[in-house]
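Engineer: For the numbering used here, count along the sequence shown from 1 and bump the result up by 3.
These are computed hints drawn from the structure, not numbers from a lab.
All figures in this text were calculated on a predicted structure; none of them were measured in a lab.
C-beta: ideal position from N, C-alpha, C; glycine also.
Take the hints with a grain of salt, since some may be wrong.
Label-pair ranges, simulated between beta-carbon atoms [as the list claims (entries may be wrong)]: (1) Pro291 / Glu81: 51 to 59 Å; (2) Pro125 / Val229: 31 to 39 Å; (3) Val229 / Gly377: 36 to 44 Å; (4) Pro125 / Tyr202: 30 to 38 Å; (5) Tyr202 / Arg281: 28 to 36 Å; (6) Pro267 / Ala355: 17 to 25 Å.
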Amino acid sequence: MAATPSPESRVPSPGFSATDHALMARALRLAERGLFTTQPNPRVGCVIARDGEVIGEGWHERAGEPHAEVHALDEAGELARGATMYCTLEPCAHTGRTPPCVDRIIAAGITRVVAAMEDPFPLVRGRGFQKLREHGVAVDVGVGRDAALELNQPFLTIVREGRPFVILKAATSLDGRIAAAPGRRTAITSSAALRHAHYTRAQVDAIAVGSGTILVDDPLLTAREVYRERPLARVVFDRRLRTPPDARLFGTLEAGPVIIVTSPEAAQMDGLRAGALRRAGATLLAAPSGVMPGLRALADMDIQSVVLEGGAALHAAAWDEGTIDFVQLYVAPEPIGPAGVPLLGGRPFSSAALRRRRVDLLGPDVLIEGYVHGPH
4 MAATPSPESR
14 VPSPGFSATD
24 HALMARALRL
34 AERGLFTTQP
44 NPRVGCVIAR
54 DGEVIGEGWH
64 ERAGEPHAEV
74 HALDEAGELA
84 RGATMYCTLE
94 PCAHTGRTPP
104 CVDRIIAAGI
114 TRVVAAMEDP
124 FPLVRGRGFQ
134 KLREHGVAVD
144 VGVGRDAALE
154 LNQPFLTIVR
164 EGRPFVILKA
174 ATSLDGRIAA
184 APGRRTAITS
194 SAALRHAHYT
204 RAQVDAIAVG
214 SGTILVDDPL
224 LTAREVYRER
234 PLARVVFDRR
244 LRTPPDARLF
254 GTLEAGPVII
264 VTSPEAAQMD
274 GLRAGALRRA
284 GATLLAAPSG
294 VMPGLRALAD
304 MDIQSVVLEG
314 GAALHAAAWD
324 EGTIDFVQLY
334 VAPEPIGPAG
344 VPLLGGRPFS
354 SAALRRRRVD
364 LLGPDVLIEG
374 YVHGPH
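Kindly generate the complete structure, drawing on both the sequences and the hints.
Structural biologist: What follows is the structure in C-alpha coordinates.
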(Lines of atoms letter the chains of each structure in order from A and count residues from 1; the text may use other names and numbers.)
(Lines give C-alpha, C1' and ligand atoms only; values in the text may rest on other atoms or scores of the structure.)
Protein backbone atom coordinates (compact mmCIF):
# COMPACT_ATOMS: atom_id res chain seq x y z
CA MET A 1 0.00 0.00 0.00
CA ALA A 2 1.24 3.48 -0.82
CA ALA A 3 2.36 5.59 2.11
CA THR A 4 0.90 9.11 2.26
CA PRO A 5 3.30 11.89 3.30
CA SER A 6 2.01 14.26 5.94
CA PRO A 7 0.70 17.66 4.76
CA GLU A 8 3.56 19.30 6.64
CA SER A 9 6.09 17.44 4.51
CA ARG A 10 4.30 17.97 1.21
CA VAL A 11 4.48 21.77 1.52
CA PRO A 12 8.07 23.12 1.38
CA SER A 13 9.00 25.21 4.41
CA PRO A 14 9.34 28.91 3.56
CA GLY A 15 12.35 31.10 4.08
CA PHE A 16 15.25 28.98 2.86
CA SER A 17 18.43 30.96 2.37
CA ALA A 18 20.93 30.81 -0.47
CA THR A 19 23.21 28.92 1.92
CA ASP A 20 20.48 26.35 2.57
CA HIS A 21 20.06 25.76 -1.16
CA ALA A 22 23.80 25.52 -1.77
CA LEU A 23 24.46 23.08 1.05
CA MET A 24 21.48 20.88 0.14
CA ALA A 25 22.78 20.80 -3.45
CA ARG A 26 26.09 19.58 -2.02
CA ALA A 27 24.29 16.90 -0.01
CA LEU A 28 22.45 15.76 -3.13
CA ARG A 29 25.73 15.44 -5.02
CA LEU A 30 27.06 13.29 -2.19
CA ALA A 31 23.94 11.10 -2.34
CA GLU A 32 24.59 10.44 -6.03
CA ARG A 33 27.80 8.65 -5.09
CA GLY A 34 25.65 5.76 -3.87
CA LEU A 35 23.92 5.45 -7.24
CA PHE A 36 25.27 1.97 -7.95
CA THR A 37 25.62 0.54 -4.45
CA THR A 38 22.92 1.45 -1.91
CA GLN A 39 20.01 -0.72 -3.02
CA PRO A 40 17.67 -1.72 -1.45
CA ASN A 41 18.29 1.33 0.75
CA PRO A 42 17.73 4.88 -0.53
CA ARG A 43 20.52 7.14 -1.78
CA VAL A 44 21.19 9.72 0.93
CA GLY A 45 23.72 12.49 1.39
CA CYS A 46 24.41 14.66 4.43
CA VAL A 47 26.32 17.87 5.13
CA ILE A 48 26.93 19.52 8.53
CA ALA A 49 27.80 23.21 8.61
CA ARG A 50 28.46 26.03 11.08
CA ASP A 51 27.95 29.58 9.81
CA GLY A 52 27.82 28.22 6.27
CA GLU A 53 31.17 26.41 6.57
CA VAL A 54 31.16 22.63 6.03
CA ILE A 55 32.54 20.73 9.01
CA GLY A 56 31.37 17.22 8.14
CA GLU A 57 29.78 15.31 5.28
CA GLY A 58 28.99 11.80 4.13
CA TRP A 59 26.74 9.57 2.10
CA HIS A 60 25.14 6.19 2.51
CA GLU A 61 27.33 3.71 0.69
CA ARG A 62 25.77 0.25 1.18
CA ALA A 63 22.84 -1.36 2.95
CA GLY A 64 23.85 -2.48 6.44
CA GLU A 65 26.63 0.10 6.68
CA PRO A 66 26.44 3.47 8.49
CA HIS A 67 23.98 6.02 7.16
CA ALA A 68 25.01 9.35 5.67
CA GLU A 69 24.26 11.24 8.89
CA VAL A 70 26.61 9.01 10.89
CA HIS A 71 29.48 9.53 8.46
CA ALA A 72 28.96 13.30 8.60
CA LEU A 73 28.77 13.34 12.41
CA ASP A 74 31.92 11.24 12.68
CA GLU A 75 33.75 13.76 10.52
CA ALA A 76 32.39 16.80 12.37
CA GLY A 77 33.13 15.44 15.85
CA GLU A 78 32.61 17.93 18.67
CA LEU A 79 32.14 20.76 16.18
CA ALA A 80 28.68 19.34 15.45
CA ARG A 81 27.30 20.85 18.67
CA GLY A 82 25.20 23.86 17.69
CA ALA A 83 25.57 23.17 13.96
CA THR A 84 23.04 22.66 11.16
CA MET A 85 22.61 19.34 9.36
CA TYR A 86 21.44 19.07 5.75
CA CYS A 87 19.93 15.68 4.79
CA THR A 88 18.46 14.64 1.46
CA LEU A 89 15.99 12.37 3.29
CA GLU A 90 14.39 12.36 6.74
CA PRO A 91 16.75 10.78 9.31
CA CYS A 92 15.59 7.36 10.46
CA ALA A 93 13.97 6.87 13.87
CA HIS A 94 13.90 3.07 14.00
CA THR A 95 16.40 0.28 14.55
CA GLY A 96 17.04 -1.72 11.42
CA ARG A 97 20.45 -3.04 10.45
CA THR A 98 21.84 0.14 12.04
CA PRO A 99 20.72 2.22 15.08
CA PRO A 100 18.37 5.23 14.68
CA CYS A 101 20.14 8.26 13.22
CA VAL A 102 17.95 10.70 15.17
CA ASP A 103 19.40 9.49 18.48
CA ARG A 104 22.90 10.18 17.26
CA ILE A 105 21.87 13.61 15.91
CA ILE A 106 20.29 14.61 19.23
CA ALA A 107 23.27 13.37 21.24
CA ALA A 108 25.68 15.29 19.01
CA GLY A 109 23.93 18.59 19.81
CA ILE A 110 22.76 19.47 16.28
CA THR A 111 20.34 22.42 16.65
CA ARG A 112 18.76 22.49 13.19
CA VAL A 113 18.02 19.82 10.59
CA VAL A 114 17.18 20.79 7.02
CA ALA A 115 15.75 17.90 5.02
CA ALA A 116 14.77 17.67 1.38
CA MET A 117 11.80 15.37 2.00
CA GLU A 118 10.06 13.02 4.37
CA ASP A 119 10.90 9.30 4.23
CA PRO A 120 7.68 7.42 3.30
CA PHE A 121 8.97 4.14 4.72
CA PRO A 122 6.30 3.09 7.25
CA LEU A 123 8.74 2.81 10.17
CA VAL A 124 9.92 6.39 9.59
CA ARG A 125 7.27 8.56 7.83
CA GLY A 126 7.58 11.69 9.96
CA ARG A 127 8.70 9.98 13.17
CA GLY A 128 12.26 11.16 12.69
CA PHE A 129 11.16 14.78 12.38
CA GLN A 130 8.80 14.43 15.33
CA LYS A 131 11.48 13.07 17.65
CA LEU A 132 13.96 15.76 16.64
CA ARG A 133 11.40 18.49 17.39
CA GLU A 134 10.51 16.89 20.71
CA HIS A 135 14.17 17.29 21.69
CA GLY A 136 14.36 20.93 20.68
CA VAL A 137 15.89 20.50 17.23
CA ALA A 138 14.49 22.88 14.60
CA VAL A 139 13.38 21.01 11.47
CA ASP A 140 12.78 22.55 8.05
CA VAL A 141 11.60 20.41 5.13
CA GLY A 142 11.39 20.97 1.39
CA VAL A 143 14.57 22.52 -0.01
CA GLY A 144 15.84 20.35 -2.89
CA ARG A 145 12.76 18.13 -2.72
CA ASP A 146 12.33 17.67 -6.48
CA ALA A 147 15.93 16.54 -6.94
CA ALA A 148 15.66 14.21 -3.93
CA LEU A 149 12.51 12.67 -5.36
CA GLU A 150 14.17 11.98 -8.68
CA LEU A 151 17.24 10.50 -7.04
CA ASN A 152 15.23 7.88 -5.12
CA GLN A 153 12.41 6.90 -7.47
CA PRO A 154 13.09 3.13 -7.14
CA PHE A 155 12.98 3.25 -3.34
CA LEU A 156 9.92 5.51 -3.29
CA THR A 157 8.03 3.41 -5.83
CA ILE A 158 8.60 0.16 -3.96
CA VAL A 159 7.49 1.73 -0.67
CA ARG A 160 4.44 3.54 -2.02
CA GLU A 161 3.22 1.15 -4.71
CA GLY A 162 4.63 -2.24 -3.80
CA ARG A 163 6.30 -2.76 -7.16
CA PRO A 164 9.62 -1.82 -8.80
CA PHE A 165 10.25 1.42 -10.66
CA VAL A 166 9.90 0.50 -14.34
CA ILE A 167 11.86 1.99 -17.24
CA LEU A 168 10.69 1.25 -20.77
CA LYS A 169 13.79 1.19 -22.96
CA ALA A 170 13.56 0.94 -26.73
CA ALA A 171 15.69 1.63 -29.77
CA THR A 172 13.59 3.01 -32.62
CA SER A 173 14.04 4.15 -36.17
CA LEU A 174 13.23 7.71 -37.18
CA ASP A 175 9.69 6.58 -38.02
CA GLY A 176 9.12 4.84 -34.69
CA ARG A 177 9.85 1.22 -35.65
CA ILE A 178 11.66 -1.18 -33.31
CA ALA A 179 12.37 -3.92 -35.88
CA ALA A 180 12.28 -4.42 -39.63
CA ALA A 181 9.66 -7.17 -39.29
CA PRO A 182 8.13 -9.35 -36.56
CA GLY A 183 10.67 -11.90 -35.34
CA ARG A 184 13.58 -10.30 -37.20
CA ARG A 185 16.64 -9.23 -35.26
CA THR A 186 17.34 -5.62 -36.26
CA ALA A 187 20.33 -3.47 -35.28
CA ILE A 188 19.03 0.12 -35.13
CA THR A 189 21.22 2.40 -33.02
CA SER A 190 24.93 3.16 -32.78
CA SER A 191 27.66 2.03 -30.40
CA ALA A 192 27.31 5.32 -28.50
CA ALA A 193 23.65 4.57 -27.75
CA LEU A 194 24.57 1.03 -26.75
CA ARG A 195 27.16 2.29 -24.27
CA HIS A 196 24.57 4.57 -22.68
CA ALA A 197 22.12 1.66 -22.42
CA HIS A 198 24.73 -0.36 -20.55
CA TYR A 199 25.26 2.59 -18.20
CA THR A 200 21.55 2.42 -17.37
CA ARG A 201 21.83 -1.34 -16.84
CA ALA A 202 24.59 -0.69 -14.31
CA GLN A 203 22.22 1.37 -12.14
CA VAL A 204 19.14 -0.87 -11.99
CA ASP A 205 18.36 -4.09 -10.15
CA ALA A 206 17.04 -6.05 -13.12
CA ILE A 207 16.65 -6.23 -16.88
CA ALA A 208 13.43 -7.78 -18.14
CA VAL A 209 12.47 -9.10 -21.56
CA GLY A 210 9.74 -11.26 -23.02
CA SER A 211 10.34 -14.80 -24.18
CA GLY A 212 10.09 -13.65 -27.80
CA THR A 213 13.21 -11.52 -27.33
CA ILE A 214 15.09 -14.55 -26.02
CA LEU A 215 14.00 -16.64 -29.01
CA VAL A 216 14.84 -13.97 -31.60
CA ASP A 217 17.91 -12.22 -30.17
CA ASP A 218 19.33 -14.73 -27.64
CA PRO A 219 20.81 -11.81 -25.64
CA LEU A 220 23.31 -11.98 -22.80
CA LEU A 221 21.49 -9.29 -20.78
CA THR A 222 24.59 -8.17 -18.91
CA ALA A 223 26.06 -4.75 -18.12
CA ARG A 224 29.24 -4.50 -20.16
CA GLU A 225 32.06 -1.95 -20.25
CA VAL A 226 30.66 -0.24 -17.13
CA TYR A 227 31.29 -0.66 -13.42
CA ARG A 228 28.72 -2.67 -11.51
CA GLU A 229 29.26 -3.87 -7.95
CA ARG A 230 26.02 -5.78 -7.31
CA PRO A 231 24.55 -8.78 -9.14
CA LEU A 232 22.18 -7.91 -11.98
CA ALA A 233 18.98 -9.95 -12.13
CA ARG A 234 17.83 -10.99 -15.62
CA VAL A 235 14.09 -11.51 -15.85
CA VAL A 236 12.18 -13.28 -18.62
CA PHE A 237 8.40 -12.95 -18.77
CA ASP A 238 7.53 -16.36 -20.20
CA ARG A 239 4.00 -17.66 -19.59
CA ARG A 240 4.55 -20.81 -21.69
CA LEU A 241 8.13 -21.63 -20.69
CA ARG A 242 9.46 -21.15 -24.22
CA THR A 243 12.92 -20.08 -23.03
CA PRO A 244 15.51 -22.62 -24.26
CA PRO A 245 17.69 -24.13 -21.51
CA ASP A 246 20.71 -23.47 -23.72
CA ALA A 247 19.99 -19.74 -24.10
CA ARG A 248 23.15 -17.65 -23.81
CA LEU A 249 22.05 -15.83 -20.65
CA PHE A 250 22.45 -19.09 -18.69
CA GLY A 251 26.14 -18.89 -19.44
CA THR A 252 26.38 -15.62 -17.48
CA LEU A 253 24.99 -16.68 -14.10
CA GLU A 254 28.04 -15.19 -12.41
CA ALA A 255 26.61 -11.76 -13.35
CA GLY A 256 23.39 -12.41 -11.45
CA PRO A 257 20.33 -14.65 -11.25
CA VAL A 258 18.06 -15.53 -14.16
CA ILE A 259 14.41 -15.34 -13.10
CA ILE A 260 11.65 -16.67 -15.33
CA VAL A 261 8.23 -15.24 -14.51
CA THR A 262 5.67 -17.79 -15.63
CA SER A 263 2.15 -18.97 -14.95
CA PRO A 264 1.40 -21.14 -11.91
CA GLU A 265 0.08 -23.79 -14.30
CA ALA A 266 3.29 -23.92 -16.35
CA ALA A 267 5.47 -24.00 -13.25
CA GLN A 268 3.51 -26.91 -11.78
CA MET A 269 2.33 -28.88 -14.79
CA ASP A 270 5.13 -28.68 -17.34
CA GLY A 271 7.63 -30.65 -15.32
CA LEU A 272 9.90 -31.42 -18.27
CA ARG A 273 10.47 -27.81 -19.35
CA ALA A 274 10.48 -26.44 -15.81
CA GLY A 275 13.00 -29.03 -14.69
CA ALA A 276 15.29 -28.34 -17.66
CA LEU A 277 15.24 -24.61 -16.97
CA ARG A 278 15.94 -25.10 -13.26
CA ARG A 279 18.88 -27.35 -14.13
CA ALA A 280 20.16 -24.63 -16.46
CA GLY A 281 20.19 -22.27 -13.45
CA ALA A 282 16.85 -20.48 -13.71
CA THR A 283 14.68 -19.46 -10.78
CA LEU A 284 11.04 -19.97 -11.72
CA LEU A 285 8.66 -17.40 -10.30
CA ALA A 286 4.97 -18.23 -10.61
CA ALA A 287 2.61 -15.25 -10.87
CA PRO A 288 -0.92 -14.63 -12.16
CA SER A 289 -1.30 -13.32 -15.71
CA GLY A 290 -0.29 -9.77 -16.47
CA VAL A 291 2.84 -7.70 -15.97
CA MET A 292 1.84 -6.17 -12.63
CA PRO A 293 1.63 -9.46 -10.67
CA GLY A 294 5.07 -10.38 -11.95
CA LEU A 295 6.46 -7.01 -10.91
CA ARG A 296 4.99 -7.36 -7.42
CA ALA A 297 6.57 -10.80 -7.13
CA LEU A 298 9.92 -9.28 -8.11
CA ALA A 299 9.47 -6.63 -5.42
CA ASP A 300 9.28 -9.43 -2.87
CA MET A 301 12.80 -10.38 -4.01
CA ASP A 302 14.13 -6.86 -3.19
CA ILE A 303 14.15 -5.82 -6.86
CA GLN A 304 13.38 -2.09 -6.84
CA SER A 305 14.09 -1.08 -10.42
CA VAL A 306 13.57 -2.84 -13.74
CA VAL A 307 14.44 -1.92 -17.32
CA LEU A 308 11.96 -3.45 -19.77
CA GLU A 309 14.05 -3.95 -22.89
CA GLY A 310 11.40 -5.62 -25.03
CA GLY A 311 10.00 -7.02 -27.01
CA ALA A 312 6.97 -5.35 -28.45
CA ALA A 313 4.42 -7.55 -26.65
CA LEU A 314 5.94 -6.96 -23.20
CA HIS A 315 6.22 -3.22 -23.81
CA ALA A 316 2.61 -3.00 -24.94
CA ALA A 317 1.30 -5.08 -22.02
CA ALA A 318 3.18 -3.00 -19.46
CA TRP A 319 1.97 0.22 -21.08
CA ASP A 320 -1.65 -0.97 -21.09
CA GLU A 321 -1.43 -1.85 -17.39
CA GLY A 322 0.00 1.57 -16.49
CA THR A 323 3.18 0.16 -14.99
CA ILE A 324 5.67 2.27 -16.98
CA ASP A 325 7.25 5.07 -14.90
CA PHE A 326 10.02 6.29 -17.19
CA VAL A 327 10.64 6.06 -20.93
CA GLN A 328 14.08 5.91 -22.53
CA LEU A 329 14.07 6.06 -26.34
CA TYR A 330 17.18 5.80 -28.50
CA VAL A 331 16.15 7.19 -31.89
CA ALA A 332 18.24 6.48 -34.99
CA PRO A 333 18.32 8.99 -37.89
CA GLU A 334 17.05 6.56 -40.57
CA PRO A 335 13.50 5.25 -41.13
CA ILE A 336 12.62 1.57 -41.48
CA GLY A 337 9.33 1.93 -43.30
CA PRO A 338 5.71 0.87 -42.81
CA ALA A 339 6.52 -2.84 -42.81
CA GLY A 340 8.47 -2.41 -39.57
CA VAL A 341 7.20 -3.23 -36.08
CA PRO A 342 5.88 -0.02 -34.43
CA LEU A 343 6.76 1.00 -30.89
CA LEU A 344 4.04 -0.07 -28.42
CA GLY A 345 2.22 -1.86 -31.22
CA GLY A 346 1.19 1.46 -32.69
CA ARG A 347 -0.54 2.68 -29.52
CA PRO A 348 -0.82 6.46 -29.19
CA PHE A 349 2.43 7.80 -27.76
CA SER A 350 4.15 11.17 -27.90
CA SER A 351 7.55 11.76 -26.34
CA ALA A 352 6.58 15.42 -26.04
CA ALA A 353 4.13 14.41 -23.29
CA LEU A 354 6.89 13.03 -21.05
CA ARG A 355 7.55 14.96 -17.86
CA ARG A 356 11.00 16.41 -17.20
CA ARG A 357 11.79 15.45 -20.76
CA ARG A 358 15.46 15.42 -21.73
CA VAL A 359 16.97 15.18 -25.20
CA ASP A 360 20.64 14.33 -25.77
CA LEU A 361 22.80 13.45 -28.75
CA LEU A 362 24.56 10.06 -28.67
CA GLY A 363 26.71 9.90 -31.77
CA PRO A 364 24.30 9.90 -34.73
CA ASP A 365 21.35 8.99 -32.49
CA VAL A 366 19.10 11.01 -30.19
CA LEU A 367 18.19 9.96 -26.66
CA ILE A 368 14.73 11.11 -25.54
CA GLU A 369 13.78 10.29 -21.97
CA GLY A 370 11.35 11.40 -19.31
CA TYR A 371 8.77 10.41 -16.72
CA VAL A 372 5.29 9.15 -17.55
CA HIS A 373 3.71 10.05 -14.20
CA GLY A 374 6.30 11.60 -11.94
CA PRO A 375 8.64 11.85 -10.30
CA HIS A 376 6.57 11.66 -7.15
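Engineer: A separate judgement is required for each hint: does it hold in the structure or not?
Structural biologist: Consistency of the hints with the structure:
Checked against the hint of 51 to 59 Å, the pair Pro291 and Glu81 passes, with Cβ atoms roughly 57 Å apart. With their beta carbons about 34 Å apart, Pro125 and Val229 fall inside the hinted range of 31 to 39 Å. Take Val229 and Gly377: their Cβ atoms lie about 25 Å apart, and the range 36 to 44 Å is violated. At roughly 33 Å, the beta-carbon separation of Pro125 and Tyr202 lies within the given 30 to 38 Å, and the hint holds.
Roughly 32 Å separates the CB atoms of Tyr202 and Arg281, a value that falls within the hinted 28 to 36 Å. Range check, Pro267 to Ala355: about 41 Å between beta-carbon atoms, so the 17 to 25 Å window is missed.
Hint check: violations occur at hints 3 and 6; the rest are consistent with the structure.
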